[in-house]
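Single-letter residue listing:
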Amino acid sequence: MPKLRLVTILLLSGLLVLAVAPALAGHGIMEKVKEANEPFDSLQIDTPLPKNTVQVKEEYQGGAFWVLSRKDSIGRFPCSRCHGKKKSFKREGAALAHGDIELVHGQGEERPECKSCHNEKNLDLLSDKKDREIDFDHSYQLCGQCHFRQKSDWVGGAHGKRHTYWIGKRVVWNCATCHDPHSPRFKKRWPSTYSLPLDK
Amino acid sequence: MKCDRRTFVKGMGLTVAAGGAALSAGCSSMPSSGEEMKLRFHEYFKENYRLMTQLEKEQTVERLARLAKLNHDIDVQVGTQEPLEQVLYGYAFNVSRCEGFMDCVTACVKENNLDRNSKTQYIRIFEMEHGETDVGSGDGKYFHEVPVPDHYYMGVQCFHCESAPCIKACPTKATWREPDGIVVVDYDWCIGCRYCMAACPYWGRRFNWGEPHVPRAEITKKQHYLGNRLRNKGEMEKCTFCIQRSRNGKLPACVDACPTGSRVFGNLLDPDSEIRFVLKNKKVFRMKEELGTDPKFWYFID
Chain H
96 MPKLRLVTIL LLSGLLVLAV APALAGHGIM EKVKEANEPF DSLQIDTPLP KNTVQVKEEY
156 QGGAFWVLSR KDSIGRFPCS RCHGKKKSFK REGAALAHGD IELVHGQGEE RPECKSCHNE
216 KNLDLLSDKK DREIDFDHSY QLCGQCHFRQ KSDWVGGAHG KRHTYWIGKR VVWNCATCHD
276 PHSPRFKKRW PSTYSLPLDK
Chain R
21 MKCDRRTFVK GMGLTVAAGG AALSAGCSSM PSSGEEMKLR FHEYFKENYR LMTQLEKEQT
81 VERLARLAKL NHDIDVQVGT QEPLEQVLYG YAFNVSRCEG FMDCVTACVK ENNLDRNSKT
141 QYIRIFEMEH GETDVGSGDG KYFHEVPVPD HYYMGVQCFH CESAPCIKAC PTKATWREPD
201 GIVVVDYDWC IGCRYCMAAC PYWGRRFNWG EPHVPRAEIT KKQHYLGNRL RNKGEMEKCT
261 FCIQRSRNGK LPACVDACPT GSRVFGNLLD PDSEIRFVLK NKKVFRMKEE LGTDPKFWYF
321 ID
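Chains H and R, in that order, are what the protein sequence lines are. Under the numbering used here, the residues of the first sequence are numbered 96 to 295, in order. Under the numbering used here, the residues of the second sequence are numbered 21 to 322, in order.
If you are wondering where the hints come from, they were derived from the structure by calculation, not from laboratory data. All C-beta atoms in this analysis are idealised placements derived from N, C-alpha and C, irrespective of residue type, glycine included. Careful, some of the hints might be misleading.
In silico lysine-lysine, DSS-like type, Cα no more than 30 Å apart, as pairs [to be verified]:
id, chain 1, residue 1, chain 2, residue 2
1, R, K188, H, K283
2, R, K302, H, K283
3, H, K246, R, K253
4, H, K264, R, K241
5, R, K188, H, K129
6, H, K127, R, K188
7, H, K295, R, K130
8, R, K139, H, K127
9, R, K193, H, K264
10, R, K89, H, K295
11, H, K283, R, K139
12, R, K139, H, K282
13, H, K246, R, K139
14, H, K282, R, K303
15, R, K302, H, K282
16, H, K264, R, K188
17, R, K89, H, K129
18, H, K295, R, K193
19, H, K127, R, K161
20, R, K193, H, K127
21, H, K152, R, K300
22, R, K253, H, K295
23, R, K241, H, K295
24, H, K264, R, K242
25, H, K264, R, K300
26, R, K300, H, K129
27, R, K241, H, K146
28, H, K146, R, K130
29, R, K188, H, K282
30, H, K282, R, K161
A short list of chain R residues far from chain H (calculated; beta carbon distances all over 12 Å) [what the hints assert, rightly or not]:
id, residue
31, F65
32, Q74
33, H150
34, K241
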């Protein structure tokens, strides 16, 4: 008799474990994430748009978003101020002819040259491989023609960075805010500090 | 110098025994005024943050701001912002983008008023050889220009685990998980036993062995009760996803400072957020996932 009782107890406890286990497993973070499909009101906090922003001509999964503009941070923009009928002295040539620009972008035959990106007919604009005119503020359209993987990550949010706020209107940095288009790899430099080993 | 709990109680006992009325007698540094003594008295007998009423929260925050004025001659704003509804914070770190500049670390130290004497840092960045996955093998004291070939950089900080072992280890319930997922510490409720530090498998917690020192000019004045307000000796502290920033909609200081965009922060419950995009479209992993701590911090590769 005691043997039978033991078997029943074992069986019952086994059933209990089977019933409880999925409930326990269901509280993990991945489950919470998978269950959360309701749209989130990210405009509940009204974040100020930075001064120099333009709306991106595409949408991300959450709708419209904004990008930091470029034209106001290019030193001698508009380019047509010099690239036009304006006369200049020969002796100024070296300083004015972008002698400081070193093109370290791409390798081998893929290497772009000036006119790969700059619009020859109108230097205030850029142009892509299909000769479509592209505004400097929307240079992501140009970069994206080769760097399409980075572009789609940038639109979605896995590449690049947001400006100041995680909530509110989505404002992101432009490609050229971080990368120098003529030399897009980040310059090597010293780290700002150091870290102690994990157990210290 | 401030008075810690033990010397305070000891001193109080002595003065009471001697029939004295001065509560401050046990402290190594005398409060400079009656006002400060009164403030410290009320601070000492306040509740755990989670049990405080809104009024009590406002009162303690006011006292803390006044004490900062008296002790450091600065005007701080200590906030008690509540978590936002339908928000659960998550973080992702791109190991193929980080180039080891460590600007995140310095931004964090500055934002969170970390002790400069002991060089306390919440974030660690390790230079790792390609193919190596054990973060213990990484070198944090690299002394050369970065990045270097055949290496990658891995950041480690508090992962704000959903099932955090540090919370379970705390004997005084001084640390807990907020509804928006941030694991916080009530510094005034911490007894400094460091059990949480031992329980954390990610070395995410920091202890104030000495009186923390922050140069007066560098103190971040926008503070939160559970975040970057000034701590005392013998108290545990940790990353709070910059609670004083994130609850106001801002990105944590490390995310804001990152020059390579390796850090992604956002709301896990928002299906349109960047962090959800990363989880859905990228190869992600978490550190020591097999421990079942369920961290809200993912590493991802491009």
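- Any of the earlier hints contradicted here, and which numbers? Checked against the structure, the hints that fail are numbers 1, 3, 8, 9, 10, 13, 16, 17, 19 and 29, while the rest are satisfied.
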